[in-house]
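A.B. asks: Using the sequences plus the hints, can you model the full thing?
Residue numbers (my numbering), protein chains in the order written: chain S, 177 to 290; chain Z, 94 to 206.
Read the hints as simulated data drawn from the structure, not as lab findings. Remember, it's a predicted structure, so these values are computed and weren't measured experimentally. C-beta atoms are modelled at their ideal positions from N, C-alpha and C, and glycine is treated no differently. Among the hints, erroneous ones may be present.
Within a straight-line C-alpha distance of at most 25 Å, the following computed DSS-like cross-link-like pairs (lysine-lysine) qualify [stated by the list, open to error]: (1) S:247 with S:195; (2) Z:154 with S:217; (3) S:220 with Z:142; (4) S:212 with Z:161; (5) S:217 with Z:142; (6) S:216 with S:185; (7) S:228 with S:243.
Computed footprint of chain S on chain Z; a stretch qualifies when at least three of its residues, placed anywhere within it, have a C-beta under 8 Å from a C-beta of chain S [said to hold, decoys possible]: (8) 132 to 138; (9) 174 to 187.
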Amino acid sequence: DTAVSQTPKYLVTQMGNDKSIKCEQNLGHDTMYWYKQDSKKFLKIMFSYNNKELIINETVPNRFSPKSPDKAHLNLHINSLELGDSAVYFCASSHPRSSYNEQFFGPGTRLTVL
Amino acid sequence: AQSVTQPDIHITVSEGASLELRCNYSYGATPYLFWYVQSPGQGLQLLLKYFSGDTLVQGIKGFEAEFKRSQSSFNLRKPSVHWSDAAEYFCAVAPDSSYKLIFGSGTRLLVRP
Numbered sequence: 177d178t179a180v181s182q183t184p185k186y187l188v189t190q191m192g193n194d195k196s197i198k199c200e201q202n203l204g205h206d207t208m209y210w211y212k213q214d215s216k217k218f219l220k221i222m223f224s225y226n227n228k229e230l231i232i233n234e235t236v237p238n239r240f241s242p243k244s245p246d247k248a249h250l251n252l253h254i255n256s257l258e259l260g261d262s263a264v265y266f267c268a269s270s271h272p273r274s275s276y277n278e279q280f281f282g283p284g285t286r287l288t289v290l
Numbered sequence: 094a095q096s097v098t099q100p101d102i103h104i105t106v107s108e109g110a111s112l113e114l115r116c117n118y119s120y121g122a123t124p125y126l127f128w129y130v131q132s133p134g135q136g137l138q139l140l141l142k143y144f145s146g147d148t149l150v151q152g153i154k155g156f157e158a159e160f161k162r163s164q165s166s167f168n169l170r171k172p173s174v175h176w177s178d179a180a181e182y183f184c185a186v187a188p189d190s191s192y193k194l195i196f197g198s199g200t201r202l203l204v205r206p
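C.D. replies: Given below as structure tokens:
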């Protein structure tokens with residue numbers, strides 16, 4: 177019955193590697209997001225997709241590439257991982273037309289780059 | 094540019110005491126306002142939201158918040174704090190023409206037994 181799910185929950189990897197984080201929502205929402213939470217707990221939006229179309233790209237390095245195969249999925253692929261990419265990444269979804277952009281968040285993926 | 098300020102990095106209250114967490118926003122019009130809670134190692138859970146109408150909104154877990162347009166504030170309150178309320182609290186703004194949420198820096202609530 178999980179509304180927004182992410183896999184994996186934890187990801188530990190070496191610098192320079194490429195990794196992906198997957199997100200799925202079963203709420204029937206049109207819009208999905210990726211947020212990054214840094215070590216000081218600050219949350220900042222990275223990307224947003226509406227009906228599989230990219231609508232927000234907040235000056236994120238192009239090593240980060242979101243991919244939305246369908247409305248229910250938004251995956252995040254990261255190339256050439258750097259130490260500064262260590263953070264918790266949250267996926268979220270919303271249905272803006274009916275809920276004033278109330279967003280539902282996944283449990284987060286803690287990425288550690290060594 | 095829109096911004097959200099939570100002036101208190103952390104607050105400590107005794108169990109059973111009342112609580113108020115402050116949130117101020119900077120935005121030309123009335124935005125959509127939210128409070129989220131993040132328990133340790135967990136995701137974010139929506140506590141309450143304000144879109145329009147009654148400026149005092151009720152949320153889950155006994156929380157409420159009051160929107161004050163004149164002060165550009167949306168402070169979160171709870172009359173009696175429980176130990177399980179210890180968590181990080183985030184105020185957020187959604188400018189009405191945007192899909193994104195702009196978060197404050199969070200306030201960590203510690204509860205003394």
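A.B. asks: Look at each hint and say if it fits the structure.
C.D. replies: We went through each hint and held it up to the structure:
Only pairs whose Cα atoms come within 25 Å are accepted, and residue 247 (chain S) paired with residue 195 (chain S) is accepted, the gap being roughly 22 Å. With a CA separation close to 23 Å, the supplied pair residue 154 (chain Z) and residue 217 (chain S) stays within the 25 Å bound. A threshold of 25 Å between alpha carbons decides the hint, and for residue 220 (chain S) with residue 142 (chain Z) the separation of about 19 Å falls inside it, so the pair holds. In summary, the hint linking residue 212 (chain S) to residue 161 (chain Z) is not supported, as the alpha carbons are separated by about 30 Å, beyond the 25 Å threshold.
For a cut-off of 25 Å, the pair hint linking residue 217 (chain S) to residue 142 (chain Z) stands: about 21 Å separates their Cα positions. For the given pair, residue 216 (chain S) sits about 19 Å from residue 185 (chain S) by alpha-carbon distance, which is consistent with the 25 Å threshold. Taking the CA atoms of residue 228 (chain S) and residue 243 (chain S), the gap is about 8 Å. The hint holds against a cut of 25 Å. Coverage of a stretch by a chain is defined here by at least three residues with a beta carbon nearer than 8 Å to that chain's beta carbons; for the stretch 132 to 138 of chain Z and chain S the count is 4, and the condition holds.
For the stretch 174 to 187 of chain Z, the stated coverage by chain S is satisfied: 3 residues place a CB nearer than 8 Å to a CB of that chain, which reaches the threshold of 3.
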